[in-house]
Every structure is written in structure tokens, then in C-alpha cells.
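**Student:** Residue numbers (my numbering), protein chains in the order written: chain A, 1 to 252; chain B, 1 to 346.
If you're looking for bench data, these hints aren't it; they were derived computationally from the structure.
Built from N, CA and C at the ideal position, the CB exists for glycine as well.
Careful: at least some of the hints might be erroneous.
Unchecked claim - Computed far set for chain B versus chain A, every beta-carbon distance over 12 Å:
1) 16
2) 26
3) 46
4) 151
5) 180
6) 252
7) 288
As the list claims (entries may be wrong) - Computed, partial: chain A to chain B, Cβ under 8 Å:
8) 104
9) 110
10) 227
So you can see what is in the structure, the chains are spelled out below.
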Amino acid sequence: MTEVIRTNGLKIGYKGMALFPEINVSMMQGDLVALAGPNGAGKTTLFKTLSASLKPVSGEVQVFGKPLPSYSPSERASLFSLVLTEKPDDLFLKVADIVAAGRYPHLGLLARLHKDDERIIAESLHTIGITHLAHRSFISLSDGEKQKVMIAKALVQDTPIIFMDEPAAFLDYPSKIELMALMLMLTRDKGKTILFSSHDLDLLLRYSDTMWVVAHNRPLVSGAPKNLINDGIIDTYFPPIKAKEQFFWMNR
Amino acid sequence: MGTTGRKAGFWMPTLILLVGMLLFALNLLIGSVSIPFSDFIDAVFHNADTTSRSIILEYRLPQALTALLAGMGLSVSGLLMQTLFRNPLADPSILGISSGASLGVAFSVLMAGSISSIALSGMTWWTTIGAASAAFVGAFLVLLLILAVSTRLRNMVSLILVGIMIAYIASSVTDMLKFFSRKEDVHSFVIWGMGSFSAVTKAQLPFLASCIGIGVVASFFLSKTLNLLLLGDRYAENLGVNTRRSSMIIILVSGFLTAIVTAFCGPIAFLGLAVPHIARFLFRSSNHKVLIPTTILIGTDLALLCNLIARLPGFEGNLPINSVTALIGAPIVIWVIFHRQNILKK
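Isolated chain A (complex conformation) (with noise of 0.2 Å):
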């Protein structure tokens, strides 16, 4: 199996300052890899490190085996795709032509599709289930639906990494459920390494194979969600389930 992403004593933060120790993690090709942690705890920045638009306060990032910085713009978009908390507002936007922007990279200077494209884009929009969406304007769009373009959009991309950030948020729980099914499919089927946040635990326990775990201050620990639980890493970083839990209990 190829190692996708590698960290070598990688320190992520802001103007200098880290927010954790070092992080010396790596990423196998068709993993799906959980980031989890409290909200504020910089699953964020760890994510802006990664994908090349905010630089390592120390340490590196090697994407197969070559540092980060020594891939061009142009070369990283065809390396890794983003899946982003943040939405387009625009009113106009049809969910045709974000869908289509993910194949932008693969394009000429006048960004004419051709017929490949348009073939990649439909099957794209059949794979993720929203070929019926596709002339919609995508702002009348639900969450839900939103999360499934900007997923097609990456899909379409045609990158071996994907990075989405808190993908489940603002999600009902059928289409939580959902939606990690596509990401099951995704890293099992096509092959595609995925790393998403999330601070909903149960989501993450179940259907992750890697977990990344962190909190403020403190070392990011990766392992497999059973070992994680057995070693007691979830009780020391997630103390407030721990204490609702046992309310939950001694309270039945």
C-alpha cells in the first residue's frame, strides 16, 4: 500500500506559535481518516497546513514522499481536493457549474469541457445521487444537498486526497448516515484517501479507520477507534462525554 501523506515533526499554528507538539502522523492509500477534537482545538489549521495554504510554523508535509512546497499550485489541485465548512454564496450559482469548477484544473486557459469532462461530470453527479439536482440554483439548495455538490465537486476534481472539514455539521442524522456511507464507498471503491473532522464522536467511532485525536495542548495520538478506546485516549480527551455518560447511566 502507498503512503499518501506523511508529517515529519510537523508543528501547525499561527504566527509562530504551535498549538500542538509535533505531529508524526501518516495517511495509507484508501484510508478514512477521523479528525477529532473539540471545536477551537485547530482541526482547522491542521487542515489548512495540509492542503498547502497556510505554512508549518516547523516540521513538513511530504505527499507521496515529496515535500508539500515542492508541488506548483496547479500540480496540488490535482493532488487534493476540498470539501470546506464554508459555502458559495452566490445567488446565481447553479450546482452544474460548481460541479463542473472541480474539473476546471484539467481544463485549457478558456475552460472548455469537452466531451471526457462532461462524461466524468454526469457520472460524478450519478455516483453522489444528485443528478436531479443539477440545474438547480444552488443556494435553494438544503445543507444536506450543499455537502453532496462541494462532494461531487471533489469527486470530479479527480484527486487521489480528499480533505473535508466537519462534512457531517449542519447534517440531519439520515443524511449523517448517508454521507459516511459515500465516504466508505469513496476510500473503499475508487481508491480515495479521505481525512474529515468532525467533533461527533459516535459518527467517528463507527465508521473511521484511522483516528486522529486532538486537544488543545496536548500530542495528537492516531490509532485504530477500538485501540483508542481500549487505551483510554477518548476518556482523557473527550472528559465532558465521559462525565455525561455516567450521568446518563446512574440516572436510567
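Position chain B relative to chain A; hints supplied.
**Tutor:** Showing chain B alone in chain A's frame:
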């Protein structure tokens, strides 16, 4: 994005184009001197050597062409700014870009007048180029300032307030310059400031046309970047856009277009603001591959219409073009604001 607006993709642009051709013909036909239709046909198609012919070819034709070019330039410039700042109210006049250009022109015209005694009224080829470059420098500086501010203020109302304040500063400096200048220069500067499509001579037209042409062609090549910027900076960067460099190029192109039009026709308000909105609402799209060509077509239509109204028989000479563009443009903008709210509520 070939799937966007296919239904409206053919007949609507054709209709807009036909309206444009009709307006162009009316611009040649109607004016303060009334020319009977038969004389008009004679003058245009039969080379009859009459006064009508010289009025049409020497006066009305350059003016109609200028209106057409200015309409294109300002509308495309407004579209680029609205996308760059992701702000529906961005426009050369609202963000103070036109005021920057005016200040540039004021510097070149009023100062040059005081120093070398060349009045704007006696504008030669080189002073025109000088005024155009000064307008460009002024517009570009204000755009840079606005861009710097916009990276700190993501709030659209604050950005517009800053633009309005910059416009005030620029116009107060312009007023001070006027105070120290010769009367003739000030008079011609004030007339220039009201806006007119009639100041461009036949000899200057090719220069104006090629400048607008360059800007418009450049904007076609920007449509890919502009479409990506609509998704937000982080998505755009992820899709290979160098946001800093692209912003710079977009600013250069839109500043260039605004500056050229402003130098030749005066600061013209509202065209750049209103036209991109009309294009978006008519074509239900924000894809620049659709918006740029349609904005160009609608921009020429609206500029020709404004010029026609400014010259309707009954008005001695020309009305200031700015009073007409504002009268037509401002209600459109108000309508857009209400309509946006309805869309957002859905």
C-alpha cells in the same frame, strides 16, 4: 458549464443584439437637428453629399460608436469588480474608482493647464493620451487601496463605505485643484465631469476602440479564474488559482477599462453597476462564460439608449449623460436589491 442557460442561450442574445442594432440606427437618425427618414437613407446608403450626411457621419456616428464602446468597457469593468469583491454593489463609481480616474484627469488637465497653458478645450492627441494615462494611474491606485482594504474588511457594507469615503477624498482634492486653476480649464473640466459620448473625435476612435478591445478580450481569458473565485478564495486556490496574482490581473483589466472610458467620456455612473445585474437576471447565471458576452451586449444597448435619451429632440444640445444613466441605472439597482432579498428568502 455548457449546460447552463441553454434554453435562453440563443434567442435572448439575438434579441439583445437586434435591439442594439435598432438603437444604433436610432442614434444615427435622431438628434437635435431633425433629418427626415428619406434624407437619412440617402445620406447613409447613396453617398449623397449633403449636410445631413456630414452630421450623421462626422457627429452622430462617432458618438454612437463611443457610446457603444463605453457601454462595453464600463459594464465589463463592473462585472469584474463585482466578482472580485464578491459584492453585488461593486462598481467603478461606487468604489471610488471613477473618482480616482477623475482626480488623475484633474491633475493632468488642470495642472498641465496652469503650467504649460494647454487647455482641455484645445486638447490635442497627446494631451488626450496624457489624460488617459493619468486617469489610469488614478483608477489603479484607488483599486489597489480598495483591494488592500477588502482583505481586512470582508463585510460588504464597510467596503462600500470606504469606497464612498475615498471618492469624497478624491473629489475634494479635485476641488482644491480646481480652485488653483484657470477658469477655462475648470469650465472644460466641469463639462467633462458631466459625462458625454460626444467628446471623442473620429481620429481618436481607433485608439479608444483598440483599448476597449484589449480589455474586453483580456476579460474573456479571465472567465475561468472569475468562475473559480465565485466559489470563495479557498476553493479557488485549491483549484489552482493564484488568488493574489489573479486579483492583481483583474484589477489591472477593470481599472484599465474604467480609466480609458473615464478619460474620454467623463465619469459615468451606474452603467457598470446595473448591466451585470441585468445580465444575471436575464440569463439566470453567474457563469462568466455566459455573463461576459451578455454583459457586453446589454452594456452597449443601455449606453446607446442613454445616449439617445440625452439627445432627444427638445433638449438643446445634449443632456449630461450622467443624469440619464443614473435615472435609468439607479431604479434597476433598487429593483435588484429587492429581488435579491426575495431570492434569499426562498
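**Student:** Run the structure past the numbered hints and jot down the numbers of the failing ones, going up.
**Tutor:** 7 and 10
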